[in-house]
Amino acid sequence: MKMEVQDISKQIIDPKNLVYDRSPLMTDNVLTYCPGCGHGVVHHLMAEVIDEMGIQSETIGVAPVGCSVLAYEFLDVDWLQAPHGRAPAVATGLKRIMPEKYIFTYQGDGDLAAIGTGETIHACNRGEHITIIFINNGIYGMTGGQMAPTTLPGMATSTSPYGRDVSTMGYPIKMTELVAQLPGTYYVTRQAVHKPGNVRKTKKAIQKAFENQKLKKGVSLVEVVSNCNNGWKMTPVKSNTWMEENMFPYYPLGDIKVDGELVK
Amino acid sequence: MKKDILLLKGNEAIAEAAIRAGADAYFGYPITPQSEVLEYLMLEKPEERTGMVVLQAESELAAINMVFGAASAGRKVITSSSSPGVSLYQEGISYIAGAELPCVIVNIVRGGPGLGTIQPSQADYFQSTKGGGHGDYHLLVLAPASVQEMADFVKLGFELAFKYRNPVMILSDGLIGQIMEKVELFEQVDRATEFDQSWVTTGKTPDRERNIITSLNLQSVMQEKHNFKLQAKYKKMQSEVRFEEIECEDAEYLMVAYGSSARVCQKTVQLARDKGIKAGLLRPITLYPYPSGKLNEMADRVKGMLSVEMSAGQMVEDVRLAVNGKIPVEHYGRFGGMVHSPREVLEALEEKIVKK
Ligand SMILES: Cc1ncc(C[n+]2csc(CCOP(=O)(O)OP(=O)(O)O)c2C)c(N)n1
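Protein sequence lines correspond, in order, to chains Y and F. Just so you know, the first sequence maps onto residues 1 to 264 in this note's numbering. Just so you know, the second sequence maps onto residues 1 to 356 in this note's numbering.
Take the hints with a grain of salt, since some may be wrong.
[Unchecked claim] Among the chain Y residues that face chain F by a calculated CB cut under 10 angstroms, a handful are:
{"hint": "1", "residue": "LYS101"}
{"hint": "2", "residue": "GLN181"}
{"hint": "3", "residue": "LEU182"}
[What the hints assert, rightly or not] Quick list of in silico lysine to aspartate or glutamate cross-link-like pairs, DMTMM-like style, CA-CA up to 25 angstroms:
{"hint": "4", "chain 1": "Y", "residue 1": "LYS216", "chain 2": "Y", "residue 2": "ASP14"}
{"hint": "5", "chain 1": "Y", "residue 1": "LYS101", "chain 2": "F", "residue 2": "ASP196"}
{"hint": "6", "chain 1": "Y", "residue 1": "LYS101", "chain 2": "F", "residue 2": "GLU297"}
Hints in this document: simulated from the structure, not taken from any laboratory. Here a beta-carbon is modelled for each residue, glycine too, at the ideal position from N, C-alpha and C.
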């Protein structure tokens with residue numbers, strides 16, 4: 001019996017049996033995200049995709065203002081840090097001058113769907129050949145849990161302490177569905193990273209969103225509905241359950257537009 | 001493209017000079033009195049002439065951030081707007097200055113505040129020379145006084161922007177933007193620059209570390225260090241000071257004026273001398289760095305100075321700082337879109353300086 005266990009662990013350690021590894025594109029810098037948050041998982045997926053596609057030397061990232069403002073510390077590619085909400089415009093400048101490079105933005109919901117609504121819609125409407133990774137956690141994580149444009153009705157935040165009252169605070173905005181209506185978007189999908197199956201799907205989506213840049217057919221946008229255990233004031237496990245029960249009904253997972261066609 | 005002599009509007013000269021200076025990209029949003037820049041560029045098809053990218057953005061917020069993105073690739077990028085649009089640029093300009101990127105920003109100033117008028121003004125002097133956006137930074141500011149200088153300063157602007165890795169502003173106004181004058185255009189310049197490109201974000205190749213363009217320093221010690229570096233650069237930039245002296249040698253009374261106002265004052269010098277008043281004109285060509293040293297030296301020779309600006313009195317503060325109380329310094333100027341006449345300036349000179 002004892003021998004058997006040793007054999008198995010030897011087999012596991014054998015590099016040829018390795019299934020998951022730390023992507024060489026992740027730097028040694030300590031992630032600044034709260035344990036349990038989805039940002040870190042998505043970073044790893046992007047690192048894997050860029051590495052596996054062999055496009056590190058052709059990829060430039062645009063970091064937002066938000067929890068992921070320091071994204072440039074973690075992924076070993078060239079980066080720019082854009083003003084709050086302006087990442088799609090910055091990416092437009094990069095892509096127009098270097099049409100053969102892979103340009104992506106990485107943005108939170110406040111960045112992409114509040115202060116940067118104009119830049120998001122117009123980059124999508126112009127059909128910029130860029131990739132947008134959109135982390136929707138329904139809250140302003142970085143500034144300490146204020147209401148976001150995506151905050152659910154009734155959801156309490158530090159600036160909607162009695163819950164979001166839609167009659168005065170407006171409704172949660174579904175930016176992903178909105179931009180899918182524009183002819184300039186080519187691939188629009190909504191995913192999550194709270195379970196292994198979802199992580200695998202999100203990786204495929206991110207890969208497709210990068211590969212699409214070669215086709216020059218417009219924006220590829222991957223929304224990732226994420227927990228914000230700190231901002232929501234829940235344990236990581238509780239926040240994931242809450243996300244499944246409350247966020248997913250309002251922000252259903254799945255493809256919205258594929259290869260330029262809306263999914264029925 | 002060889003040297004050419006053309007009759008162009010100031011705004012058209014900016015556009016043609018941008019193509020000839022080897023600009024890689026222009027991003028902008030229409031606003032009077034400078035829309036001819038984008039219109040001329042679209043008509044000229046610079047994509048075919050030199051490969052230059054021209055894009056109409058959805059707003060000035062977007063335009064300046066497109067500049068930010070393209071400039072980070074180490075390319076020559078230019079944008080133009082007018083006062084309300086340049087106010088919207090300010091956050092982006094602060095980021096660009098903080099991240100130390102080269103670019104040329106043209107402001108064809110109109111009367112303000114608010115939506116104001118579409119007529120010429122010089123009321124954006126403070127905004128342009130003192131920073132404009134948030135934080136401790138400076139742009140290098142060039143003030144053309146003719147259509148010829150509009151063209152020449154685009155080329156010069158790119159050279160200075162890359163030399164110092166700093167945004168350069170061409171501060172003009174609706175008058176110089178709209179008048180037509182003869183302009184000798186320089187020969188086509190190559191789009192490639194010979195400046196250091198080690199910092200650009202064009203994709204991390206195996207031979208170097210990744211490049212990061214950011215204006216963020218979460219540790220204030222580091223941010224202070226970065227600010228010291230910027231301040232040292234601004235000190236170095238002082239050597240770029242440029243000005244023109246008109247009848248200054250024997251002058252007893254000095255007018256200080258830039259851009260359109262300097263053109264008006266040139267005539268005032270004549271009118272004053274016809275009347276036996278020994279007037280001179282010092283025209284700052286760079287507004288930052290400012291010719292403070294020259295003015296301080298002039299203050300030992302003249303009896304008084306009049307800062308003549310199409311504003312309620314902005315540059316006059318810099319003249320007073322330069323003169324440091326040695327002689328009286330006064331301000332005169334029409335504003336809100338009004339342009340003073342040479343005679344009005346002469347009256348003010350006599351009233352405020354000569355008779356005092
Ligand atoms: C112009 C400007 N306004 C406001 C802020 C403050 N601010 C920083 S991050 C942020 C919200 C970020 O929230 P989100 O985009 O949802 O990202 P998260 O932090 O949740 O990942 C705000 C309002 C800023 N930095 N700049």
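Which hints, by number, does the structure contradict? Of the numbered hints given earlier, those the structure breaks are 2, 3, 4, 6, listed in rising order.
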